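Residue numbers (the working numbering): 34 to 242.
By construction, these hints were calculated from the structure, which means they are not laboratory data. Being a predicted model, the structure only gives us computed values, none of them experimental. Be aware that one or more of the hints could be misleading.
As the list claims (entries may be wrong) - Using 27 Å as the maximum straight-line C-alpha spacing, the simulated BS3-like pairs for lysine-lysine come out as follows:
#1 K165 with K183
#2 K183 with K161
#3 K55 with K181
#4 K181 with K157
#5 K181 with K125
#6 K183 with K237
#7 K125 with K170
#8 K84 with K163
#9 K225 with K237
#10 K55 with K161
#11 K225 with K165
#12 K226 with K161
#13 K163 with K203
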Amino acid sequence: MTRILCFSDLHDSEQAIVILKKKFKKYGPELVVCAGDLTTFGIDFSKTINKMNFGVPFLIIPGNHEMPRQIESASRQFSFIQNIHNSFFIFKNLFFFGIGGSNITPFNTPFEMNEHQIKENIKKAYEKIKEKIENRKLILISHTPPFKTKLDRVDSSHVGSIAIRRFIEKFQPILNICGHIHENEELSDRIKKTRVINPGSYGKIIELK
34 MTRILCFSDL HDSEQAIVIL KKKFKKYGPE LVVCAGDLTT FGIDFSKTIN KMNFGVPFLI
94 IPGNHEMPRQ IESASRQFSF IQNIHNSFFI FKNLFFFGIG GSNITPFNTP FEMNEHQIKE
154 NIKKAYEKIK EKIENRKLIL ISHTPPFKTK LDRVDSSHVG SIAIRRFIEK FQPILNICGH
214 IHENEELSDR IKKTRVINPG SYGKIIELK
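Could you build all of it, start to finish, from the sequences and the hints given here?
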């Protein structure tokens, strides 16, 4: 059994950091996973990420508020940071695969892509790492939720990524941890055999066999 603490869309919230640290102390997870948007528009990124040292590997992807180069820089600066954007991290029998950024928003944030770009990005990244999965359990960490789920609804519209949904339908990871849509924090859904969750900024403890 592997216990992880996952969260998304912290946006520099000191209150959320306090709550995350309390959950970490109470449950003792072996990994911490951030599905993006640690900050707002990438401001004070190094300052915020320096507060994320829980003493265990910290897996992170950029949200739409950070650029990939900020995550890359942090992973060089801080030894506890594991940059899994377009990359992977293996822990026991689990294979974490990360895809950061978001689809197009009305807010002109730093790291947005159209659906074609997301599709090509996932395809290219997965081709490089798929042979390393072997018999491990695949877990997808994405900032954007998959299209047409409980997690991507805003008012009466679905605003998630079609490319991410198609990846999930095809490869059936056991879990997709995502965020981005604040209105849907703490919700979960299923796509075939894949559990999809938005843990929110206060985080969620998940146990995986």
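Quiz item: Looking back at the numbered hints, which does the structure fail to meet, lowest number first?
Solution: Numbers 1, 2, 3, 5, 8 and 10 - these are the hints that the structure violates, sorted from lowest upward.
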